[in-house]
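J.: Here is how the chains run, residue by residue.
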Amino acid sequence: MIRAGKIKPWLYIAPVVVLLSFFLIYPSVKTVILSFYGSNSQEFVGVKNYVFAFTNSTMVTAFRNNALWVFFFTGLTVTFGLILAVLLDRVPYESVAKSVIFLPMAISMVGASVIWKFVYAWQPPGFPQIGLLNRVVTFLGGSPIAWLIEKPWNNFFIIFVGVWIWTGFCMVVLSAAYKNIPRQLMESARVDGANEWQIFWRITFPLMRPTIAVVATTMIVFVLKIFDFVYVMTNGNYNTEVIANRMYKEMFKFQHFGRASTLAMVLLILIVPVMIINIRRFRRQRAIR
Amino acid sequence: MLKKSLSVLLIGVLLIGGLFAISFAQEKKVSIAVTWSGEELQAFKKTIKIFEEETGIDVTVESVGRDIATVLVTRVEGGNPPDVAAIPNPGQMEEFVKKDALVSLDESIVESHPEAFVDLASVDGDIYGIFLSADLKSLVWYNPKEFEKHDYEVPETWGELTDLSDQIVADGGTPWCIGLESGPASGWPGTDWIEDIMLRTAGPDMYDAWVNHDIEWTDAVVHRAWEKFGSIVKDRDYVFGGPTGALTINFGDSVAGLFTDPPRCYMHRQATFIQSFIKDQNPDLVAGEDYDVFVLPSIDKEHGNPLLGAGDLVSAFNDTPAAHSLMEFLASAEAQEVWVKELGKLAVNTKVSSDAYPDPITAKTAKILSEAEIFRFDGSDLMPSAVGSGTFWTGIMDYVSGEDLEKVLKDIERSADEAY
Numbered sequence: 001m002i003r004a005g006k007i008k009p010w011l012y013i014a015p016v017v018v019l020l021s022f023f024l025i026y027p028s029v030k031t032v033i034l035s036f037y038g039s040n041s042q043e044f045v046g047v048k049n050y051v052f053a054f055t056n057s058t059m060v061t062a063f064r065n066n067a068l069w070v071f072f073f074t075g076l077t078v079t080f081g082l083i084l085a086v087l088l089d090r091v092p093y094e095s096v097a098k099s100v101i102f103l104p105m106a107i108s109m110v111g112a113s114v115i116w117k118f119v120y121a122w123q124p125p126g127f128p129q130i131g132l133l134n135r136v137v138t139f140l141g142g143s144p145i146a147w148l149i150e151k152p153w154n155n156f157f158i159i160f161v162g163v164w165i166w167t168g169f170c171m172v173v174l175s176a177a178y179k180n181i182p183r184q185l186m187e188s189a190r191v192d193g194a195n196e197w198q199i200f201w202r203i204t205f206p207l208m209r210p211t212i213a214v215v216a217t218t219m220i221v222f223v224l225k226i227f228d229f230v231y232v233m234t235n236g237n238y239n240t241e242v243i244a245n246r247m248y249k250e251m252f253k254f255q256h257f258g259r260a261s262t263l264a265m266v267l268l269i270l271i272v273p274v275m276i277i278n279i280r281r282f283r284r285q286r287a288i289r
Numbered sequence: 001m002l003k004k005s006l007s008v009l010l011i012g013v014l015l016i017g018g019l020f021a022i023s024f025a026q027e028k029k030v031s032i033a034v035t036w037s038g039e040e041l042q043a044f045k046k047t048i049k050i051f052e053e054e055t056g057i058d059v060t061v062e063s064v065g066r067d068i069a070t071v072l073v074t075r076v077e078g079g080n081p082p083d084v085a086a087i088p089n090p091g092q093m094e095e096f097v098k099k100d101a102l103v104s105l106d107e108s109i110v111e112s113h114p115e116a117f118v119d120l121a122s123v124d125g126d127i128y129g130i131f132l133s134a135d136l137k138s139l140v141w142y143n144p145k146e147f148e149k150h151d152y153e154v155p156e157t158w159g160e161l162t163d164l165s166d167q168i169v170a171d172g173g174t175p176w177c178i179g180l181e182s183g184p185a186s187g188w189p190g191t192d193w194i195e196d197i198m199l200r201t202a203g204p205d206m207y208d209a210w211v212n213h214d215i216e217w218t219d220a221v222v223h224r225a226w227e228k229f230g231s232i233v234k235d236r237d238y239v240f241g242g243p244t245g246a247l248t249i250n251f252g253d254s255v256a257g258l259f260t261d262p263p264r265c266y267m268h269r270q271a272t273f274i275q276s277f278i279k280d281q282n283p284d285l286v287a288g289e290d291y292d293v294f295v296l297p298s299i300d301k302e303h304g305n306p307l308l309g310a311g312d313l314v315s316a317f318n319d320t321p322a323a324h325s326l327m328e329f330l331a332s333a334e335a336q337e338v339w340v341k342e343l344g345k346l347a348v349n350t351k352v353s354s355d356a357y358p359d360p361i362t363a364k365t366a367k368i369l370s371e372a373e374i375f376r377f378d379g380s381d382l383m384p385s386a387v388g389s390g391t392f393w394t395g396i397m398d399y400v401s402g403e404d405l406e407k408v409l410k411d412i413e414r415s416a417d418e419a420y
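If you read the protein sequences in the order shown, they are chains X and G.
Per the numbering used here, the first sequence runs over residues 1 to 289.
Per the numbering used here, the second sequence runs over residues 1 to 420.
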């Protein structure tokens with residue numbers, strides 16, 4: 001009896017353990033090992049790849065840009081998502097408006113990048129502009145702007161494409177949280193004389209905070225690995241490089257497996273703290289319940 | 001008893017027959033992965049058809065696009081490479097040889113190929129690939145009718161080229177169309193410019209030293225070549241759309257500027273392959289009448305007029321008889337005649353007759369290539385990919401977008417230092 005009790009739990013979790021070690025633990029360990037080896041994984045090079053990752057001038061730019069992405073992409077998607085979730089709740093055409101804002105989610109990221117590359121297209125002054133944005137600019141009397149080339153603003157124009165897609169996602173999740181807040185709370189606040197601004201900051205926002213945190217951390221984890229937009233629109237030229245695009249180049253263009261693994265590790269190390277924060281919050285919430 | 005042995009016999013016959021069928025099927029099948037699409041793919045399939053009819057071997061042609069290196073790396077790692085594949089450049093081929101992924105070939109296959117091309121496809125004396133065709137890069141495309149209209153003459157020296165450019169500007173035109181945009185490969189058209197200028201200002205020996213990284217990127221001769229390129233591409237009057245135009249206009253669209261009314265530009269430096277783009281964009285144009293080529297003039301007299309080029313390299317990944325016979329076929333004059341007839345490419349096999357070329361321009365460039373005293377392979381294709389299709393490409397984009405030349409060259413040098 002005792003023996004069975006000792007073995008049984010292991011048997012139950014065995015499939016999961018096997019799957020996890022095969023698909024998660026083994027590749028991670030292998031990546032760690034490879035990150036200390038050279039381009040063809042033959043000779044041991046110590047921390048050379050890590051030195052490259054943190055000192056190479058393109059990598060420094062990539063770190064800066066990843067920081068820009070984390071800050072502005074997350075900030076804007078969550079803020080816009082929140083504003084839309086709260087405001088659209090009060091209008092009669094809510095479902096139509098939400099559908100339209102959610103629509104870009106249906107477009108693949110590569111597709112969206114191609115679309116926006118056309119929107120940002122540039123032709124020399126005096127020639128017909130094929131890009132929507134420059135068409136508007138020249139119509140208003142300005143001269144065409146090379147949106148994807150002008151540093152450092154080009155980063156923000158690429159980030160905007162990401163925001164365009166992902167705001168809908170944030171809006172939908174936050175809207176669900178908003179609708180879960182008991183209406184009586186707001187009504188009684190109104191009876192007590194609170195204005196809408198006070199209601200938002202004193203009632204709505206605190207009650208939505210756990211959901212906002214989850215959405216924000218999801219966005220951060222997503223955006224740290226950002227790749228598609230940059231790869232398609234500029235491929236990292238004009239100081240728009242990001243870590244994941246560089247990882248792709250090292251892996252498939254330059255066939256430097258060591259550096260590619262190192263960059264994968266760097267991304268992993270950057271993402272782990274965010275994940276830990278997320279998991280801790282889940283636990284705390286469970287404890288409260 | 002009889003029944004039993006009969007059934008054993010039957011099963012045995014079936015098994016052996018099955019095995020034969022399998023081995024037979026394997027022998028009669030070969031797969032090839034290529035970069036080509038559109039017109040080039042059609043031409044290649046036409047070439048392959050002859051092989052299929054002659055040998056009865058079934059060929060699966062798989063077009064994987066410009067990112068073929070990615071696909072091949074993944075499939076080699078996964079132990080599932082195609083039997084034969086087009087390899088983007090000799091540098092990449094060498095990387096596969098280092099990984100022990102390629103099959104070495106018999107010397108007899110490349111019997112009638114020029115020495116220079118056999119060497120390019122060899123590593124340590126063993127042949128690992130064959131050239132299906134070559135492109136000539138040191139060409140300037142122009143519109144003879146527009147030249148005639150303005151009394152412009154084809155320049156024979158760099159001085160004449162500069163004078164012509166200034167004349168065009170004085171007449172209110174723009175001399176050059178340059179397009180550097182090429183998606184994830186943006187910048188490569190600029191590397192061709194630098195290489196052509198390097199050959200003309202530093203000479204072939206210096207060029208080799210530069211490609212092999214025996215001289216540094218910050219060396220004065222390299223610096224001078226970049227500045228020479230910059231004096232054209234960064235001049236708002238010389239290039240359609242100025243530097244921003246060069247950065248944003250796609251390399252394939254750029255050439256169309258020669259044929260607009262009024263022309264957006266008068267000259268376009270690009271390899272032989274651009275003819276297929278011209279025909280695609282303006283099907284009514286007649287080669288030799290509406291568009292023509294001249295060789296990019298020499299800059300420093302002592303270095304003459306060396307030619308820059310590239311080629312379509314094919315290697316075998318699997319050591320099967322079918323793969324070998326396909327390689328043999330692709331190296332032959334028979335295959336190359338069909339292949340070049342369809343496209344503006346130049347055959348590598350010297351037995352291909354000049355009648356094989358579809359138009360006067362291709363015949364002209366084939367003649368230029370065969371008469372070349374000095375021919376050099378595209379340097380960026382020979383450099384380690386971290387430089388040749390990495391920092392060299394991005395360096396071009398950085399330089400044209402206004403970054404300081406010293407810093408650009410130092411960045412490339414740093415990556416070259418690590419990559420060689």
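Keep in mind that the hints were calculated from the coordinates and are not lab data.
All of these numbers come straight from a predicted model, not from anything done at the bench.
We treat Cβ as the ideally placed atom computed from N, Cα and C, and that holds for glycine.
Please note: incorrect hints may appear among the correct ones.
Unchecked claim - Part of the chain X face toward chain G, derived, beta carbon under 7 Å:
no.: 1; residue: SER108
no.: 2; residue: GLY126
no.: 3; residue: PRO128
no.: 4; residue: ILE149
no.: 5; residue: TRP153
no.: 6; residue: ASN154
no.: 7; residue: PHE200
no.: 8; residue: ASN235
no.: 9; residue: PHE252
no.: 10; residue: LYS253
no.: 11; residue: PHE254
As the list claims (entries may be wrong) - Covered by chain X, per the in silico footprint, the following chain G stretches (three or more residues, Cβ under 8 Å):
no.: 12; region: 80-90
no.: 13; region: 270-281
no.: 14; region: 289-297
no.: 15; region: 389-401
J.: Look at each hint and say if it fits the structure.
T.: How the hints compare with the structure:
1. Given hint, SER108/X at the interface with chain G, is violated; its Cβ is 16 Å from that chain's nearest Cβ, farther than 7 Å.
2. At its closest, the beta carbon of GLY126/X sits 10 Å from a beta carbon of chain G; the interface hint therefore is violated under the 7 Å criterion.
3. Below 7 Å, beta-carbon pairs count as interface contacts, and PRO128/X has none with chain G, the closest being about 12 Å; its hint is therefore violated.
4. About 6 Å separates the beta-carbon of ILE149/X from the nearest beta-carbon of chain G, less than 7 Å, and the hint is met.
5. The closest approach between the C-beta of TRP153/X and any C-beta of chain G is roughly 13 Å, which is over the 7 Å cut-off, so the hint fails.
6. Look at ASN154/X: its Cβ only gets to about 10 Å from chain G, farther than 7 Å, so that hint breaks.
7. With a least beta-carbon distance of about 44 Å to chain G, the hint placing PHE200/X at the interface is violated under the 7 Å criterion.
8. Interface hint status for ASN235/X: upheld, as the beta-carbon distance to the closest one in chain G is roughly 4 Å, under 7 Å.
9. About 4 Å separates the beta-carbon of PHE252/X from the nearest beta-carbon of chain G, less than 7 Å, and the hint is met.
10. Contact between LYS253/X and chain G, as hinted, is supported at the beta carbon level, the nearest pair being about 6 Å apart and thus within 7 Å.
11. For the restraint placing PHE254/X at the interface with chain G, the shortest Cβ-Cβ distance is roughly 4 Å, inside the 7 Å limit, so the hint holds.
12. Counting residues of the region 80-90 of chain G whose beta-carbon sits less than 8 Å from any beta-carbon of chain X gives 0, not enough to reach three: the coverage restraint is violated.
13. Look at the region 270-281 of chain G against chain X: 0 of its residues bring a Cβ nearer than 8 Å to a Cβ of that chain, fewer than three, so the hint is violated.
14. With a cut-off of 8 Å between beta carbons, the region 289-297 of chain G has 0 residues touching chain X; three or more are needed, and the interface restraint is violated.
15. Three residues within the 8 Å Cβ limit are the bar, and the region 389-401 of chain G against chain X gives 6, so the coverage statement holds.
Violation of the numbered hints given earlier is confined to hints 1, 2, 3, 5, 6, 7, 12, 13 and 14; the remaining hints are satisfied by the structure.
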